[in-house]
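Peer 1: Below are the chains, spelled out letter by letter.
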Amino acid sequence: GQSLEQPSEVTAVEGAIVQINCTYQTSGFYGLSWYQQHDGGAPTFLSYNALDGLEETGRFSSFLSRSDSYGYLLLQELQMKDSASYFCAVRDRPDNQGGKLIFGQGTELSVKP
Amino acid sequence: ETGVTQTPRHLVMGMTNKKSLKCEQHLGHNAMYWYKQSAKKPLELMFVYNFKEQTENNSVPSRFSPECPNSSHLFLHLHTLQPEDSALYLCASSQAQREQFFGPGTRLTVL
Numbered sequence: 010g011q012s013l014e015q016p017s018e019v020t021a022v023e024g025a026i027v028q029i030n031c032t033y034q035t036s037g038f039y040g041l042s043w044y045q046q047h048d049g050g051a052p053t054f055l056s057y058n059a060l061d062g063l064e065e066t067g068r069f070s071s072f073l074s075r076s077d078s079y080g081y082l083l084l085q086e087l088q089m090k091d092s093a094s095y096f097c098a099v100r101d102r103p104d105n106q107g108g109k110l111i112f113g114q115g116t117e118l119s120v121k122p
Numbered sequence: 067e068t069g070v071t072q073t074p075r076h077l078v079m080g081m082t083n084k085k086s087l088k089c090e091q092h093l094g095h096n097a098m099y100w101y102k103q104s105a106k107k108p109l110e111l112m113f114v115y116n117f118k119e120q121t122e123n124n125s126v127p128s129r130f131s132p133e134c135p136n137s138s139h140l141f142l143h144l145h146t147l148q149p150e151d152s153a154l155y156l157c158a159s160s161q162a163q164r165e166q167f168f169g170p171g172t173r174l175t176v177l
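Going line by line, the protein sequences match chains A and B. Here the working numbering runs 9 ahead of the position in the first sequence, where the first position is 1. Here the working numbering runs 66 ahead of the position in the second sequence, where the first position is 1.
Per the computed footprint, the stretches of chain A lying under chain B, defined by three or more beta-carbons under 8 Å from a beta-carbon of chain B, are:
1. 51-62
2. 108-115
Here are the simulated SDA-like pairs of lysine to any residue, each with C-alpha atoms no more than 25 Å apart in a straight line:
3. Lys102(B) x Ser94(A)
4. Lys107(B) x Tyr39(A)
5. Lys107(B) x Val120(A)
6. Lys107(B) x Thr32(A)
By construction, these hints were calculated from the structure, which means they are not laboratory data. A quick note: this is a predicted structure, and the numbers were derived from the prediction, not measured. We put the CB at the ideal spot given by N, CA and C, even for glycine.
Let the hints inform the model, and build the full structure from the sequences given.
Peer 2: Shown next, in the form of structure tokens:
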């Protein structure tokens, strides 16, 4: 089967740094993405890693190690508005073969004052 | 209007009703998707359309029937649903299939 594992809940305080891990077992791998979803809202794209290493976008960074089938999302200088659910997702096939995203169950991040 | 829009935002229906969900994308994308999101569960892919052709049906019951008349519009026709079908139904679109843009969703309640 295909599965992505991530913690169900994480709690941190404002200004802190938090790391959300994602391990995957999929039939194919064509990139790891992260999405943020606020309660009652639509998922929004945060980052994408196709190659090993760290991608940085402002306060958010995402890391990938394909040999370990592992990635993480790093959130720095946490703000209250970062309280949301965070999903990792793997594309299982190339674009021209109808690749689709397989989502993890989501990590609910609570940022406390 | 920009992005991905969905109507209605909320829908309550009985098990014998027929209703349709509508999705429209204004981004010029060639792929559109229907997802189901139940409480505390990951997003479940239902259907994928590429250039108006259905390329994925993820073992979805026949009481859900998709329609894609053109690359900007996607419908999900609902018929004889069950209470367990109550969920948030999300539409998304993409071009390079790297990043998907989601609509706000339709919160469906089946009585």
